[in-house]
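Q: As a plain string of letters, each chain reads:
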Amino acid sequence: MTDHTNDAQTTVLVIGGGVGGIKAAMDLSEAQKDVLLVDKAAAIGGLMTQLDRTFPTNNCDLCTISPHLSAGARQQHIDLMPLTQVTAVTGEAGDFTVTLTSTPRYIDLEKCTACGECHKKYPECVRFYPGLDHRAPTCMRYPQATPQAFSIDMAACKDVNGLVNVCPANAIVVDDQEKVATRRVSSIILAVGADLFDPDKLDHFGHGRYPNVVTGLEYERIMSASGPTLGELVRPSDGVPPKRVAWIQCAGSRGINREDVSYCSSVCCMYALKEAIVTKERFQDDIETTIFYMDMRTFGKDYEGYYQRAKDQYGVRMVRCRPHSIVPDSTGQQLHIAYATDENSGMTTELFDMVVLSTGFRPSSHTTRLAEILGVELNAHQFVRGGNFEPVVTSRPGIYVCGVIEGPKDIPETMVQASAAACMAARHTGHAGSAAEVESEYPPERDVIGETPRIGVFVCDCGQNIGGAMDVDAVVQEAAKYPHVVHVEMAGHGCGQEALDRMRQMIQEKNLNRVVVGACSPRTHEGLFQENLRKAGLNKYLLDIANIRDQNAWVHGGARELATAKAKKLIRMAVGGVAQAGPLREHRLPINKDVLVIGGGVSGMSSALALGDQGYKVVLAERTGRLGGLAAIIRRNLEGDDVRAYVAQLVEKVQAHDQIEVITNAIVVDHSGMPGKFQTGFQIGPRMYYRQIEHGATVMATGALAHRPDQYLLGRHKAVMTQLDLDDLLETQPEQVSNWECMVMVQCVGSRTADNPNCSRICCQSAIKNALRLTDLNPDMRVFILYRDMRTYGFSEDAYIEARRRGVIFVRYQADIPPRVTADGDRVTVHFHDPILGRDMEVTADCLGLSTGLLADDETTEDLAAIFHLNRTEDGHFLEDHVKLKPLDMSVPGFFVAGTAHSPRTIRESIAQAQGVAGRIQGLLAQDVINLGAVVARVDRDKCATCLVCVRACPYHVPFINEDRYSEIDPAKCHGCGICAAECPAKAIQLSCFEDAPIMAKLEGLLERIA
Amino acid sequence: METFEPVIVAFCCHYCAYTAADMAGTMRLDYPANVKIVRVPCSGKVDPIHMMKALELGADGVLVAGCLEGDCHFKTGNVKAARRVTYVQTQLEEIGVEPQRLAMVTMSAGMGTRFAAIANEFTEQIRKLGPNPVAAARKAQAAPAPVAQVN
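If you're matching them up, the sequences are chains A and B in order.
Each residue of the first sequence is one higher than the one before, starting from 712 at the first, in my numbering.
Each residue of the second sequence is one higher than the one before, starting from 0 at the first, in my numbering.
Warning: the hint list may mix true and false statements.
Unchecked claim - In silico BS3-like cross-links for lysine-lysine, where the CA-CA straight-line distance does not exceed 27 Å:
1. 1684(A) - 138(B)
2. 832(A) - 822(A)
3. 1246(A) - 1221(A)
4. 1304(A) - 1388(A)
5. 127(B) - 138(B)
6. 1597(A) - 1684(A)
7. 954(A) - 751(A)
8. 127(B) - 1192(A)
9. 74(B) - 127(B)
10. 832(A) - 869(A)
11. 890(A) - 912(A)
12. 912(A) - 869(A)
13. 127(B) - 1698(A)
14. 890(A) - 869(A)
15. 74(B) - 1192(A)
16. 991(A) - 751(A)
17. 1328(A) - 1246(A)
18. 1684(A) - 1698(A)
19. 1022(A) - 991(A)
20. 1597(A) - 74(B)
21. 74(B) - 1698(A)
22. 74(B) - 991(A)
23. 1304(A) - 1684(A)
24. 869(A) - 831(A)
25. 1654(A) - 52(B)
26. 912(A) - 822(A)
27. 1388(A) - 74(B)
Claimed, not checked - Label pairs and their computed distance ranges (CB to CB):
28. 27(B) - 885(A): 48 to 58 Å
29. 1649(A) - 69(B): 27 to 37 Å
30. 69(B) - 1380(A): 30 to 40 Å
31. 27(B) - 1028(A): 47 to 57 Å
32. 69(B) - 1058(A): 51 to 61 Å
33. 3(B) - 1654(A): 51 to 61 Å
34. 47(B) - 815(A): 55 to 65 Å
35. 1033(A) - 47(B): 56 to 66 Å
36. 116(B) - 1392(A): 47 to 57 Å
37. 116(B) - 996(A): 19 to 29 Å
Rather than coming from a laboratory, the hints here were simulated on the basis of the structure.
Where a beta carbon is used, it is the ideal one built from N, C-alpha and C, also for glycine.
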């Protein structure tokens, strides 16, 4: 590896290549910043790539993340260093010098084609990774690993010469050495994630001793199509499909015993529900699923509905208890779980085929060392400490943090923090070269319109990958006979630099105007070959790839004749298709770089500041007369900070900022345009004059409403108040409050109900916060908290423990038997059922505090959704583009969402979203033009019968009937699915790249001998 | 008589089924070479004309493969595709072609095994049905003349 000490300091170092690190790196590269992405493993991807599916969509993970990974490998701004660790850091924000130590891989990344010959012949030499046991079919972590290459454990290899000879690409580097390099970087993002708890340490659960006790991740691997059993769910002990599976929650978390940690890992409830649902989906009535849990913590956006579906629709059985132990039966195949519940006295024992331990996150020992090297502070649980109001800022300036290493969190929250960290880290970099400069290096495109097709066919052998399975010579000879083919050759490793040079030379020499490559999958290599055509002066859409490796050679490895015949057909189809292809123009627009932020609460102001500090001009539009939103009336957060003071200084900063213009009393009335070129009209009070604002991107930060349902005498008895009222009273009248003898709080008032099914996420923390302040004022006060599930996720569990330690009494109630309240003079009497005592109780209290949570601002979001064509959830929150991978983007390009308009969340979590949105926007606006791609639907106005079929069919409501009375499709808004083209009865619509003509030509090519 | 080797066209959506087919290759799963894939951006792009044309030109079976229900990359393309397939099946029945020659299937991008299993099952199903009657008729018609030029 070369030493890059002369680099300009425009580079951001990202440590850790899990989803968080990848997202941060991608966001930075989109913003034209250079990124150095290091990971101690041989391939990036982290934990997520080992999961079978992700909640709440139950999507397969590989499908969602692999495009990100391969894109990550392609991005020109990202320098990827696998098997590398940071061993020293000196300097300061803006100019760090880092020392990077790389372990030898013994494989030349440039040469390895991931053919797997080394693993087939010498499996012991190839490195394995956690979460994938020895029965796995591949030792890359998953089939789409990036870099797509193996890694050798030379120490374990006995026959080194044999190994070297078995590699057809000569990629084995026997004398590979540890390498040390120093690099200068301007800022650092720490995204190393965490380990999963190893339950072998818990002797009562027997993991490691009983084969049928597995961890959640091991269960994912068993269920995964790329896992050790190829997705067959079987009991590890004897390979028999299980009939009864149990999950035990909080294994190693929320505990006080040896090896336990006190905090909540935040994700295990959801993953256990997901695993149980997926199990049920696959096996329906043939399998029973039971989850043993303490509190079901489904606090995320729409997660509560997922929990209810698991119970009601899928029949996942929920048992509230913490099981005592797991003991195998006499055969060793089945497992006894012994447990006690509130309802029944004494122990119950049940028999299960498999038990899944829901283990949570633990910072790895490696992290502690890394924190020392970087000089960043850790918290009491050895996670990296972020700021209370600056969630991704560490104790050392210039070093930022995101993802699980900052605290337990799920994938969307990790993605949010990653974008926020990208935004913050970018502040320290100078300006890097923009994409437009690279483009201009290409020669002008040759005009091929009107020319007879002159097709060149290049057939890869990909080492033995293709060549070993078929007769490539015969394929080449056959291809020469196809219509319009004027040149055919074998291309060896077609994706190699040599072959690409040769292809460009042939395009020139033979005056080719179309190219077919017989190669691997276009999913991975289309971009590469397209770019090569472009370099040769051809439009990049004059290419077709015949997938003769992944979909042929690898499938029919044992049947040479079949594979050869099929390859001929696949190339014949591609030749037919490409002959019909024409050059396509990608749609580009100059970008307006101003940003409109709607909503002047903490989220809107934080977004505006983050963007303004990057030099973008921001218009911050607030519907009311003042900035601050809901947070302006909050006094304290759980950590005890003065929220009002924080909001006040935020308002001051926004108002003093040169780049930010604040407009208040502003109501959105109209909107048009496309990303990079929006126009939004406002009526601005008090005179309601009209003003139009032009902007390139839009942030929706419209917040939510503090709920005040008409329940429990709220508003009718002065002893009844919400947690927000109580928060204020604690600051304004502490003397009065300290005289109270008894306080009762009721959780989930107006949340998790039929009217408002979701969890408000913040109320458990608010109740504990106020309970602690009450007991601070008067340690003798009796405080009761009536709850359904305590959802103090992450480190807020510590506050819950503290409240219990101080004697706050927590009593669970069931949704169908809620507490009742009656007036009793100045006081109120609360009636409830105590499930542990098994009897009805009455408590007379000085105050009844209701945890009423947040409610979507349904009217506002409905209006704005109609004006901007945005999507909403059923309960009226704005809907993000992708729950997991694009939690900040909205489905309409150029729109982003932050804060409680997205879903209920804390101030800190809202700030992370607000800064994350700024990170996303900085990527969008770094371009001078916006490339909308070429795959868009086009209408032939002469054929259009104005039948409205396309208008109705489009999932994005893009087509409309224009003034000239034919359907018009705005290429800037078209997503390129082609549904309208397929539905159009007059065939007036064609989808570029996938027109009817090339599809028909492919069919004709395939079927010509038969006709 | 040698075994009948049907020709099967599989229109696969780029985001799920096509990726699943690649995955089947990565996993080295064997499935019949009879299945030839045409990549489309979304199963919702597959026009009834494409399905009919494939059969008209002599394909013995046509698969339309999209994302799992609810997971369509373009929201509802797979639902529309399924509806179209059902519609074309009724048309096939009317003109005397077995509607089973056309099928809609769904899978996620990770389901390489499912892709291979479907390819196997569908090929067997078509093998049992025998050659496409349209192709047979065309062959009989075209027999005296030389092979039709398609390009």
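Q: Work down the list of hints and note, for each, if the structure agrees.
A: Structure-based check of each hint:
| no. | hint | in the structure |
| --- | --- | --- |
| 1 | 1684(A) - 138(B) | violated (46 Å) |
| 2 | 832(A) - 822(A) | holds (19 Å) |
| 3 | 1246(A) - 1221(A) | holds (16 Å) |
| 4 | 1304(A) - 1388(A) | holds (9 Å) |
| 5 | 127(B) - 138(B) | holds (20 Å) |
| 6 | 1597(A) - 1684(A) | holds (18 Å) |
| 7 | 954(A) - 751(A) | violated (39 Å) |
| 8 | 127(B) - 1192(A) | violated (34 Å) |
| 9 | 74(B) - 127(B) | violated (35 Å) |
| 10 | 832(A) - 869(A) | holds (12 Å) |
| 11 | 890(A) - 912(A) | violated (36 Å) |
| 12 | 912(A) - 869(A) | violated (34 Å) |
| 13 | 127(B) - 1698(A) | violated (35 Å) |
| 14 | 890(A) - 869(A) | holds (24 Å) |
| 15 | 74(B) - 1192(A) | violated (42 Å) |
| 16 | 991(A) - 751(A) | violated (37 Å) |
| 17 | 1328(A) - 1246(A) | violated (37 Å) |
| 18 | 1684(A) - 1698(A) | holds (21 Å) |
| 19 | 1022(A) - 991(A) | holds (11 Å) |
| 20 | 1597(A) - 74(B) | holds (15 Å) |
| 21 | 74(B) - 1698(A) | holds (23 Å) |
| 22 | 74(B) - 991(A) | holds (25 Å) |
| 23 | 1304(A) - 1684(A) | holds (19 Å) |
| 24 | 869(A) - 831(A) | holds (15 Å) |
| 25 | 1654(A) - 52(B) | holds (21 Å) |
| 26 | 912(A) - 822(A) | violated (43 Å) |
| 27 | 1388(A) - 74(B) | holds (26 Å) |
| 28 | 27(B) - 885(A): 48 to 58 Å | violated (28 Å) |
| 29 | 1649(A) - 69(B): 27 to 37 Å | holds (30 Å) |
| 30 | 69(B) - 1380(A): 30 to 40 Å | holds (35 Å) |
| 31 | 27(B) - 1028(A): 47 to 57 Å | violated (39 Å) |
| 32 | 69(B) - 1058(A): 51 to 61 Å | violated (42 Å) |
| 33 | 3(B) - 1654(A): 51 to 61 Å | violated (41 Å) |
| 34 | 47(B) - 815(A): 55 to 65 Å | holds (57 Å) |
| 35 | 1033(A) - 47(B): 56 to 66 Å | holds (58 Å) |
| 36 | 116(B) - 1392(A): 47 to 57 Å | holds (55 Å) |
| 37 | 116(B) - 996(A): 19 to 29 Å | holds (22 Å) |
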